[in-house]
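Next come the chains, spelled out residue by residue.
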Amino acid sequence: MPSNKSVSDAPITQFVNCRILRGSRLQREDLWVRSGSILDPEKLFFDEQGYADDRVDCEGSIMAPGFIDVQINGGYGVDFSEASEDVSAGVSLVSKKILQHGVTSFCPTLVTSPAAVYHKVLPQVKVHDGGAHGAGVLGLHLEGPFISAEKKGAHPERFLRTFQAGGIDDLMAAYGSLDNVAMVTLAPELAGSQSVVRELCRRGVTVSLGHSVANLSQAEEAVDQGASFITHLFNAMLPFHHRDPGIVGLLTSDRVPSGRTVFYGMIADGIHTNPAALRIAHRAHPEGLVLVTDAIMAMGLPPGRRTLGQQVIEIQGLHAYVAGCSVEEALEAASLHPAQLLRLHHKGNLDYGSDADLVLLDDDLNLKATFISGEEVWKKAP
Amino acid sequence: MRLVILDDYDLASEWAAKYIRNRIIQFKPTAERCFTLGLPTGSTPYSCYQKLIEYYRSGDISFKYVKTFNMDEYVGLPRAHPESYHSYMWNNFFKHIDIDPANVHILDGNAEDLEAECQAYEDKIAEAGGIEMFVGGIGPDGHIAFNEPGSSLVSRTRVKTLAKDTIVANARFFGNDLSKVPSMALTVGVGTVMNAKEVVILITGAHKAFALYKAIEEGVNHMWTVSAFQQHPRTIFVCDEDATLELRVKTVKYFKGTSVLAVLLPGLSLSNCILCVCVCVLDISLQQLFQSTSHLIGVLMGTKRCVVWNLGKVGTGPTLDIKGVCMNKGWRCIMRPACVCIWQLIDCRSLLDVGYNKAKPCA
Numbered sequence: 000m001p002s003n004k005s006v007s008d009a010p011i012t013q014f015v016n017c018r019i020l021r022g023s024r025l026q027r028e029d030l031w032v033r034s035g036s037i038l039d040p041e042k043l044f045f046d047e048q049g050y051a052d053d054r055v056d057c058e059g060s061i062m063a064p065g066f067i068d069v070q071i072n073g074g075y076g077v078d079f080s081e082a083s084e085d086v087s088a089g090v091s092l093v094s095k096k097i098l099q100h101g102v103t104s105f106c107p108t109l110v111t112s113p114a115a116v117y118h119k120v121l122p123q124v125k126v127h128d129g130g131a132h133g134a135g136v137l138g139l140h141l142e143g144p145f146i147s148a149e150k151k152g153a154h155p156e157r158f159l160r161t162f163q164a165g166g167i168d169d170l171m172a173a174y175g176s177l178d179n180v181a182m183v184t185l186a187p188e189l190a191g192s193q194s195v196v197r198e199l200c201r202r203g204v205t206v207s208l209g210h211s212v213a214n215l216s217q218a219e220e221a222v223d224q225g226a227s228f229i230t231h232l233f234n235a236m237l238p239f240h241h242r243d244p245g246i247v248g249l250l251t252s253d254r255v256p257s258g259r260t261v262f263y264g265m266i267a268d269g270i271h272t273n274p275a276a277l278r279i280a281h282r283a284h285p286e287g288l289v290l291v292t293d294a295i296m297a298m299g300l301p302p303g304r305r306t307l308g309q310q311v312i313e314i315q316g317l318h319a320y321v322a323g324c325s326v327e328e329a330l331e332a333a334s335l336h337p338a339q340l341l342r343l344h345h346k347g348n349l350d351y352g353s354d355a356d357l358v359l360l361d362d363d364l365n366l367k368a369t370f371i372s373g374e375e376v377w378k379k380a381p
Numbered sequence: 000m001r002l003v004i005l006d007d008y009d010l011a012s013e014w015a016a017k018y019i020r021n022r023i024i025q026f027k028p029t030a031e032r033c034f035t036l037g038l039p040t041g042s043t044p045y046s047c048y049q050k051l052i053e054y055y056r057s058g059d060i061s062f063k064y065v066k067t068f069n070m071d072e073y074v075g076l077p078r079a080h081p082e083s084y085h086s087y088m089w090n091n092f093f094k095h096i097d098i099d100p101a102n103v104h105i106l107d108g109n110a111e112d113l114e115a116e117c118q119a120y121e122d123k124i125a126e127a128g129g130i131e132m133f134v135g136g137i138g139p140d141g142h143i144a145f146n147e148p149g150s151s152l153v154s155r156t157r158v159k160t161l162a163k164d165t166i167v168a169n170a171r172f173f174g175n176d177l178s179k180v181p182s183m184a185l186t187v188g189v190g191t192v193m194n195a196k197e198v199v200i201l202i203t204g205a206h207k208a209f210a211l212y213k214a215i216e217e218g219v220n221h222m223w224t225v226s227a228f229q230q231h232p233r234t235i236f237v238c239d240e241d242a243t244l245e246l247r248v249k250t251v252k253y254f255k256g257t258s259v260l261a262v263l264l265p266g267l268s269l270s271n272c273i274l275c276v277c278v279c280v281l282d283i284s285l286q287q288l289f290q291s292t293s294h295l296i297g298v299l300m301g302t303k304r305c306v307v308w309n310l311g312k313v314g315t316g317p318t319l320d321i322k323g324v325c326m327n328k329g330w331r332c333i334m335r336p337a338c339v340c341i342w343q344l345i346d347c348r349s350l351l352d353v354g355y356n357k358a359k360p361c362a
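From first to last, the protein sequence lines are chains A and B. Just so it is clear: in the first sequence, position 382 is 381 by numbering that gives the first Met the number 0, and no numbers are missing. Just so it is clear: in the second sequence, position 179 is 178 by numbering that gives the first Met the number 0, and no numbers are missing.
Any given hint might turn out to be false.
[To be verified] Quick list of the computed label-pair ranges, beta carbon to beta carbon:
hint	chain 1	residue 1	chain 2	residue 2	range
1	A	241	B	45	52 to 60 Å
2	B	32	A	363	31 to 39 Å
3	A	34	B	81	23 to 31 Å
4	B	115	A	365	35 to 43 Å
5	A	259	B	45	38 to 46 Å
6	A	24	B	94	50 to 58 Å
7	B	230	A	361	58 to 66 Å
[Claimed, not checked] Simulated crosslink set (DSSO-like; lysine-lysine; CA at most 30 Å straight-line):
hint	chain 1	residue 1	chain 2	residue 2
8	A	378	B	94
9	B	63	A	42
10	A	42	B	123
11	A	42	B	213
12	A	96	A	151
13	A	378	A	150
Just so you know, these hints were derived from the structure itself, not from any lab. Just so it is clear, the structure is predicted and the values come from calculations on it, not from any experiment. No residue lacks a Cβ here, since even glycine has one placed at the ideal position from N, Cα and C.
For reference, chain B alone in the conformation it holds in the complex:
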């Protein structure tokens, strides 16, 4: 498990959005080989969707060859109802991007035969080659999708009755009238999400802190269904400071301390790349460097591309985005505390383009 802790909700959303963006780009989806993405709804991923829309608008990413599978949908709620998950996804995501409507899959809560609908959904996922990355949230009771406490950890897509906690939590979207909240939903199973190649869980806010604690510091337990992902080979929990409030200090320090310079250098060719590593060693110690916020800098090398992830709060350092063209006024900025950057530039020209010449050496 990776636990990525950001200072606040906005930064956590930005981190997650960048991660999703970069993975899609790295995958290089085509018409024959789409990137399958599992998607959540709710207030937690809202800002993440906003960021993804921003990246689409600025031309960083296209969703043309992305297939999406949403986690859940209410039963019996008209599709055009403003609180249906179809409406949520349309208004907050699909209408702003270039996704092909034929690639969008959301469970139909008004189907004649709900069980057949669930089975068909599983079949569609299998047909699409499985889910590449499933993004999800967590309920205050530790549920993933609508897999309420007590759900089987190997469950598949099915109809679920909602727990009281969930109905109460959702009442705010229905004018605080409990009777208006649907009591049943179709949901992907824990097993369905576990089948994904990678799982990213977004957890923000103090009200989710206890659930996060149960999910990662206690055992695998069907009462806290998110805990099942302890047994998934590739899970990332992205959270803000508030969500870590119930965790042990030791756990938090450990994961913040792994501001690992995770460098993936597949196909590195020395003849056409320049590798620059700047580490701030000036007036702060290494410990301080890693202390305040967690960083995870990854570098992905693609041909003719400079991709740098700055996956944590940078403080006053630069945010290098995918085109690799920002360079925040020279080395000094980069030298600011808590910032570690790795560049990998494919050719000297791009190095010059990003203003290498203007950079001053470390003072």
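One chain only, chain A, in its complex shape:
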């Protein structure tokens, strides 16, 4: 086909010979991209009488939406909770490095920290699009400090806080500003938290429940007020009990308002959660599963002593991924569901008009190439 620059200035790329994830199925279809968005080729054909300028042969690979990681504390020596002078450089480094894992958008996560750290770090991190320079930043995820002391996990106890009379004002005092914040994790059993949940949702911030000893009705109350996520299910919460399932019960609760989905993050490394427990959660509520790394600054670095915010931890060994569902479901858990959680309709899917953030995978789900806005930003060395 001759080049078609007369139809539009922006070049049109056609990815052929691939199996794309669309409609929860892998289909043998071509994917068309123009100006960073996925194009409807039928409209192009009939309305504009256009056709592709370039063809990229995917050699039969799987093409999925780029992965979205909503919980990542740092990596490659960078700790997002560290109050350094140049936080954005650290964010940029991580955003560039995670391209090789197929992550095209992410939420830099801060663990419980003193107010001074929040006041210093938050203004330096801005929401921005990804590109050749790195994955896109969707906003910060603030995990703590309004969490339960009994379920603090790796968070430092001395910086935990509760809501005093002020509710949302206490939260604003702790963080400084909510600009560029995409998600906040808090414990819903804390007094005064319900009004905070409501106010945060009103401001467009996703509220997540985690590091909590809440029972099921407290959790359901928070969902009523607008909470929509559970931070690393099973970890840092009361275990499932058949007379009070706690936060875990949200997966099958009938008090979740209709039309709303409660999503839950899973660290599927086989260590944080037993694979059998992961499968129980997946089977109970497959549409809510969101894969997260909860990676720390030691990711990508050799073993040794590292800091996580204000803590010091030891790193040993490797992590492993655990499969337990179909390929399509796994891919959706890493891309579509996080996008749905953050209400980003143009990400996490390969529908017409969506952002062309893509990953090419082989049949074993090893990454072959990463694209942001249709541009190749990482390719596996042959």
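Put chain B on the given structure of chain A with help from the hints.
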């Protein structure tokens, strides 16, 4: 009229696809002289389109200089609707081939002025030099395109209200909800299709058998609009066994019996061709040879090309395709019942290439 009867739907589709393919190649279309093709939609031509896509993928044919004109489109259905004929043609044909979008014409059922749209369509056909070959199907009520019973046999492209039969037949694509099926459509007229140089009608399935009977064994009648093609100089009806169920045995035998060795030898040059004819005379009689399935073997000679059509079921014989390079393990296979092949090879080299040396003489 030619009536080509194949054993089943797949073979009928393959025959038709090969015929279309070969005609396009023979025409040698160029940028200045495109091959204009009229196209149908529906379940009948689906497999034919699949085959054409296959031939494109294997490099046998290009649609770069082919202009297409579809027969019809629903009125009022959004173009992006999965049941619109635009969607059908895109998903089942255009997106898989190298056709130029500017050469594709489908009536717009959402045009502001439907009559002007129809007139413009006729003008576009005239501008393109007329239709070289119109491929069509037949409805259970004998209609061609949406020319429902009672349509004028000299009609042109226009708006038509759909008959109840047609709406019922199409309901299966709209979740069996009659209210969702569009009630009007734009369609080429019977006269429009009659103006084509050649017409190929695909008819498969027992539910079309009565319509086929009315179309070819009864008179020309506007209640069975396909019957108009009895008056066209070049019409081929391609059907499967099931579609012949309402025909007279005599008709079927006649057309199956014309497994004519139709040999067209324009520009034959003896000095550079070798003509081989093998006829199986071994353990079967000539009558048996022609009995079970219908064959029509045509040979087209083009310069430096060996084109052999095996236009019928071959049984266990070879299928020689357009590159002329298949040779199914020697003469014996070719000698199998019901197979008649004519080769015309342009030079000895290609004869050797196809393994002539390996062929054993008739036993």
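Original post:
Has the given pair, residue 378 of chain A with residue 94 of chain B, been kept, meaning a C-alpha gap of at most 30 Å?
Top reply: With a Cα-Cα distance of about 28 Å, the restraint between residue 378 of chain A and residue 94 of chain B holds, given a limit of 30 Å.
Original post:
For the pair supplied as a hint, residue 42 of chain A and residue 213 of chain B, is the alpha-carbon distance within the 30 Å limit?
Top reply: violated, 41 Å
Original post:
Taking only the CA atoms, is the gap from residue 378 of chain A to residue 150 of chain A under or equal to 30 Å?
Top reply: violated, 41 Å
Original post:
Going straight from one Cα to the other, do residue 96 of chain A and residue 151 of chain A come out at no more than 30 Å?
Top reply: holds, 29 Å
Original post:
Is residue 42 of chain A within 30 Å of residue 123 of chain B, Cα to Cα?
Top reply: The hint holds at about 22 Å.
**OP:** Please test the hint of 35 to 43 Å on the beta carbon pair from residue 115 of chain B and residue 365 of chain A.
**Re:** violated, 57 Å
Original post:
Taking the beta carbons of residue 34 of chain A and residue 81 of chain B, is their distance inside 23 to 31 Å?
Top reply: Given about 26 Å between the Cβ atoms, the range holds.
**OP:** Can you let me know if the beta-carbon spacing of residue 24 of chain A and residue 94 of chain B is within 50 to 58 Å?
**Re:** Given about 18 Å between the Cβ atoms, the range is violated.
Original post:
Holds or violated: are the alpha carbons of residue 63 of chain B and residue 42 of chain A at most 30 Å from each other?
Top reply: holds, 20 Å
**OP:** Using the beta carbons of residue 241 of chain A and residue 45 of chain B, state whether their distance is inside 52 to 60 Å or not.
**Re:** holds, 55 Å
Subject >> Supplied distance hint 38 to 46 Å, evaluated on CB atoms of residue 259 of chain A and residue 45 of chain B >> reply: For residue 259 of chain A and residue 45 of chain B the Cβ distance comes to about 42 Å; the hint holds.
Original post:
Honestly, do residue 230 of chain B and residue 361 of chain A meet the 58 to 66 Å range at C-beta?
Top reply: With a Cβ separation near 60 Å, residue 230 of chain B and residue 361 of chain A satisfy 58 to 66 Å, so the hint holds.
This entry does not satisfy hints 2, 4, 6, 11, 13, going by the numbered hints stated previously.
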